[in-house]
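Chains as they are written, first to last, in our numbering: chain B, 1 to 379; chain Y, 1 to 379; chain C, 1 to 397; chain S, 1 to 397.
Honestly, the hints are just simulated from the structure, not real lab data. Treat the numbers as computed from the prediction; the structure is a model and nothing was measured. It cannot be assumed that every hint is accurate.
Mimicking DSSO-like on lysine-lysine, the simulated pairs with C-alpha atoms at most 30 angstroms apart in a straight line are [claimed, not checked]: (1) C/185 - Y/273; (2) C/389 - Y/13; (3) B/273 - Y/13; (4) S/242 - S/37; (5) C/283 - B/201; (6) S/281 - C/283; (7) S/283 - C/283; (8) B/273 - C/242; (9) B/273 - C/236; (10) B/265 - S/184.
This is what each chain is made of:
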Amino acid sequence: MALVLNEEQRLLKDTAKDFLSENMPVEALRTLRDSDDPTGYSQQQWQQMCELGWASIVLPEQYDGLDFGFMGLGAIIEESGRTLAASPLLSTVVLGASAILLGGNEEQKSSLLPKVASGELTLALALEEGHHHAPLDTAMAAEAHDGGFRLNGNKSFVVDGHSADKLVVVARTSGTAGSADGFSLFLVDGDAKGLTRQRRKMVDSRGAAALSFDNVDVSADALIGELGQAWPVLETVLDRGRVCLAAEMLGGALECFERTVEYLKERDQFGVKIGSFQALQHRASLMYIELELAKSVLFDAFSAIDDKRADLPQLASLAKARMNDVFELVTNEAVQMHGGIGVTDELEIGFFLKRSRVATQLLGHSGFHRDRYASLCGY
Amino acid sequence: MALVLNEEQRLLKDTAKDFLSENMPVEALRTLRDSDDPTGYSQQQWQQMCELGWASIVLPEQYDGLDFGFMGLGAIIEESGRTLAASPLLSTVVLGASAILLGGNEEQKSSLLPKVASGELTLALALEEGHHHAPLDTAMAAEAHDGGFRLNGNKSFVVDGHSADKLVVVARTSGTAGSADGFSLFLVDGDAKGLTRQRRKMVDSRGAAALSFDNVDVSADALIGELGQAWPVLETVLDRGRVCLAAEMLGGALECFERTVEYLKERDQFGVKIGSFQALQHRASLMYIELELAKSVLFDAFSAIDDKRADLPQLASLAKARMNDVFELVTNEAVQMHGGIGVTDELEIGFFLKRSRVATQLLGHSGFHRDRYASLCGY
Amino acid sequence: MADLDQFRLEVRQWLEDNCPASQRLPITREEQVWAGKNKQFPSDDAKLWFERMRDKGWTVPEWPSELGGGGLDERQAKVLKEEMKALGCRTPLFDLGIWMLGPAVLEFGNDEQKQEHIPKIARGDVRWCQGYSEPGAGSDLASLQTRAEDMGDHFLVNGSKIWTTNADKADWIFCLVRTDPDAKKQEGISFLLIDMDDPGVTTTPIELISGESEFCQTFFDNVKVPKANLIGELNKGWSVAKALLKHERKLMSEIGGDTPGPSFGPVQAALEYVGTDENGKLKDAALRDQLVRHEMAYRAIGLTHFRTFEERMSGQADSNVPLIMKYVGTEEGKRKEELLLALLGHQALGWDGDGFNEDEKLTTRGWLFSKALSIAGGTSEVQLNIIAKRVLGLPQQ
Amino acid sequence: MADLDQFRLEVRQWLEDNCPASQRLPITREEQVWAGKNKQFPSDDAKLWFERMRDKGWTVPEWPSELGGGGLDERQAKVLKEEMKALGCRTPLFDLGIWMLGPAVLEFGNDEQKQEHIPKIARGDVRWCQGYSEPGAGSDLASLQTRAEDMGDHFLVNGSKIWTTNADKADWIFCLVRTDPDAKKQEGISFLLIDMDDPGVTTTPIELISGESEFCQTFFDNVKVPKANLIGELNKGWSVAKALLKHERKLMSEIGGDTPGPSFGPVQAALEYVGTDENGKLKDAALRDQLVRHEMAYRAIGLTHFRTFEERMSGQADSNVPLIMKYVGTEEGKRKEELLLALLGHQALGWDGDGFNEDEKLTTRGWLFSKALSIAGGTSEVQLNIIAKRVLGLPQQ
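Please model the complete structure; the sequences and the hints are all you need to start from.
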């Protein structure tokens, strides 16, 4: 267990903070939104991130990676949450690359991962089909066809699904919705025949897509891992995603909280600073407490990834459930404590509010993770 | 729907308040506790209550009742909650007499109810068997035997079960635990052969007993209502009990709250009254709000009883769930806001705290009632 | 009560005879008929319905009939409301003049002012907006800075007002202005009516997080206002404002249910977007618990509304209870929106375009809009302060 | 780290060789060995274990060995703690002198005082209690009234102290007393040690809602106290007290888990008293949700304890984080007790006598006792004030 950053990780974090605050402040997201950007992030800035090594940080050295661990990547992602920086980091590096690294064969790894590291290749995980995160309920079918596979069905809420070069598609080659048997993962080109991709305009102004597969044919080597045995790989991929997303949420919540505390110190009402009102003080202290507890959970969750600990599923659910709740608390309090200007589009707090609820639904709401945690603990 | 008391009901309430504060203050409960009273209430005071008409208030006139309705009884019970007055009002008048009135035949009603009205007869409902309120899980068996019935099994947490003259016993004549079929109610004398009654020393210092039935034989006319068809009657009896208990809890919560507000106005800390601290003010205001909402719910729940409305089950669950939560909130806040003296036995707040948790478990905790309410509403 | 029963029958009959079928369907935001010089009617039926109600005086049922109102007492007005609700009749006319200014003019205005303004409001000839808050004032309303200087025959108004809802569509504005800068905060404030067409009045919309821009900022640059437009006494505007605030809070406590929103309530949304298991229970236990908590709370709040009404009718009014309604209505209203968001899951995360139907988009926007409810019209914190002080009598620092 | 690993092996071996098997079983409240002139040992094994640990100096592992301590550094002490926990070794000696007074004397005492008091504490020869609070003072500790008058060669003490835990069993008490009545509140306070056998000292137990009477009130009636018993400078007792309070808060934040309670934790209690359905889920969805929320919170708190330790070790200590631990430990501790109560249902409602087993009664009493945790040692409200002021830097009124 490591619950503090080491020297190198701290350095990485500081660099990320500087880069992001200079190049990708919240204002950048507003610009993307107002310009109706079709991608949902700036390609140029993504290339800069890759040059800083962010796409290669967790990849093994043999695939041009830095092998630096998720603790370091988490520090960067936390900083990206502070500025709500839009990038394909989660979809490509955390979800997509993990699926290939954990499930793929040597050929797949050596042909694809170096491209991820260099920023040449973006990925997206096509998983959701219903209104709520429910991996086990996956129904999309992949059938053996002509020496390869034929995919039919629909996917929704696919983060960066409209722009990714390749998709990692979760489908069933056997079994029925609700069962962990029969899961398979497939690599599908973004421009594959029979695939329709529609970008959805989301409340957080980031990119997500609905995908429709109409007899999409892939060759046999598109299969990642063993046929029908993908569930354990998928679980780990999702847990990594949950922890990294929770780190982004922590960054967002911290930023939102700090801006609110600053406002409490500035704003005059009834002849005094509103931060001198005890009721607001106590509520601010409670937020501080929740945030500190969340930091500890996240450190341990990243340790669990890096140390390949068996309790990663518990830690991931703990981290995601907690950050869902804390980010909701902090954004709601931030709006309320800012008063009238808190509900204007001009103030950036609204961007955090919107992002928080999208992030909550992404990879599982709190009820999903509490239920999972309880089941994992045997009750 | 009547959401206010009428003139007569207000008069009744005022009279009750005067009687109780004069004769049965919280100090009376302390005396019962410290003297290790075997009954758990004062027989003499119970007779006084009966003389005031409290035992006959909801009974029809043909059974020597006043036919005054539950709204009036509720007003009295609320006042009794303010002083934590221990009496067999709930067990005898609300639960026991309702079972006879709603389920019994004319002979049972005319022979027993006038005795309830006069205070000659006390009753108790023997229902619970497990760790939590779960009427459907009743397993106790009653078998046809020798022209009558033979009862075997155990009952726990029977309020006033050790002292009641007669018990209304919930048993199964058919069906298995979990099913609503096969419920029957039996009248059993408190000194019946084969019945062992043990008083339990409860945290709230009131009376409750564990009962053990070892081949207890009763005659055929001990059956209340139709064989195996008692579930709907039992449900209504329990709902009446839940509403009346919620009224007692409202009284307790109001008293506890008002004492706390008084203390906030008196107690000096850091050179000012602690009631001037905004954080405490807001918490006090939130309690006030919860109590006012609870009052409205209770009025409507009593209306539902008196008007024999079909939505009584919903109202009963709403009232009980809310008062469980509100009484817990208020007692916890009362202890905390009183500080050090709040945890001493000398201060009476502790008596309210203890009563609140017993009342919460009695006739269903909040989870039970939220689940029930949701099911009743079709989701 | 026999009279009231008779009245109910008459009302029912009249409504059945006069309310067109199309005006008994749920109303959308676009279909609301707002008062104003340039009233827009979404349909001929809407116009007909408005005109019939106006001619009965039932756009403002409780106002005096000689001033264009319906002349009903409180019980009768409640009957009318109930019968309209039972039949599904739409509100025929929307205006802040009806809800807020009118009652204030009736209470504080002189005869000329009543004759001048009340009938116009009743007929929907003028659309009103409100100018209370100022940038920088917030909850501390009394610290307002907009100046009205006494120029002998008129006031000269300078300053600006914020959160002037629909000011860009309004004809007139009622304002709090400072008429004595040397007096203590709440003294020296007056209540003034200003024609938005007067030279020097300009308005800019403010975009909200929900994407709407109903709220505006209104600027006054050397605006000349006749002295006849002063309601109540000079420097005594605070008491007019306080009376009005009560109306606003009442409105806010009810608005949770009245804001145009999706066509489904939480239960319906749950059944549709989450579904039930073989026992008929919602599949997701956590969402089920969140849902039932909200439903129970809403029922308690609804019953409390009824109780305050019954208490008033029976002369047992506890004047403290209404003070909680703004708080509980808006706070539970926010929880309702969070619940809907959670129930719809991915489908409540859309902003615009394809992939989300109208109800889903209204859910998302409604959720964002709800954040303003516990801020506007007296923040939740101010409400709790008021309860602590006025109801509980807790000492002030 | 190699040295530390070696140390760990040695400690483990020594504990295995020296800790009797009976002293590796969970301890009940009755089996605790408390310091004192008249020490009671529940068994010969307990005595043996105590003596062996005392002779190693491991009753107080981090104190200097020349004063009877173990002379370990913080890392070594943590290793010892971990190894004792792994083997289940009981704490050999309980005393407020170990937890609170000793560290203060080591920091603020002069050499004579250290020589006089520290070895006695290490050997468990004296049982200490604490005299801070006074009736009427509460959270406002600095408003204390107990007077110590300078009589030249001694102090004359008059007044009373409340919440003097176990004062009826203690040999000595450490007190805050007012030595300068004219100074401002926190100035003019001194830190004094008083022998409970001195004439004029009397103690009465206070009965708590949990039925316990550990807490007492202690009265001082013209008690003569030698000047050698003053710790730190005259009128500077507040800084000694502040240092001590930190120890108390640390203690309180850990106590939730350490108070003698039932032998089961919440999960075990849930499985036993509620049971699971065919999917292995707890039968009662509401209790399951309450349970998992608590378990997740406890894990987060536990990880935060570890984090503050690791931060200290790595020199990255954020001194603010420890300030939250008293609050979260006691508040979540109360929730744990409410949870246990709910899980046990009817079986947690007993007070005494038949029908409830020992664990069930401990649950009920433990629940009641937990209410004191967020009051004693600085109320939760004071903790939140401190965070707002010191950590967040919010303005004071």
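Hints versus structure:
1. C/185 - Y/273: Given pair residue 185 of chain C, residue 273 of chain Y holds - Cα atoms ~27 angstroms apart, limit 30 angstroms.
2. C/389 - Y/13: Cα-Cα ~28 angstroms, so holds.
3. B/273 - Y/13: violated, 48 angstroms
4. S/242 - S/37: Judged against 30 angstroms, a Cα distance of about 29 angstroms means the pair holds.
5. C/283 - B/201: Given that 30 angstroms is the threshold and the Cα spacing comes to 28 angstroms, the pair holds.
6. S/281 - C/283: holds, 14 angstroms
7. S/283 - C/283: holds, 15 angstroms
8. B/273 - C/242: holds, 25 angstroms
9. B/273 - C/236: Status holds; Cα separation ~28 angstroms.
10. B/265 - S/184: Distance ~29 angstroms between residue 265 of chain B and residue 184 of chain S Cα, so the pair holds.
Hint compliance for this structure: hint 3 is the single one not met.
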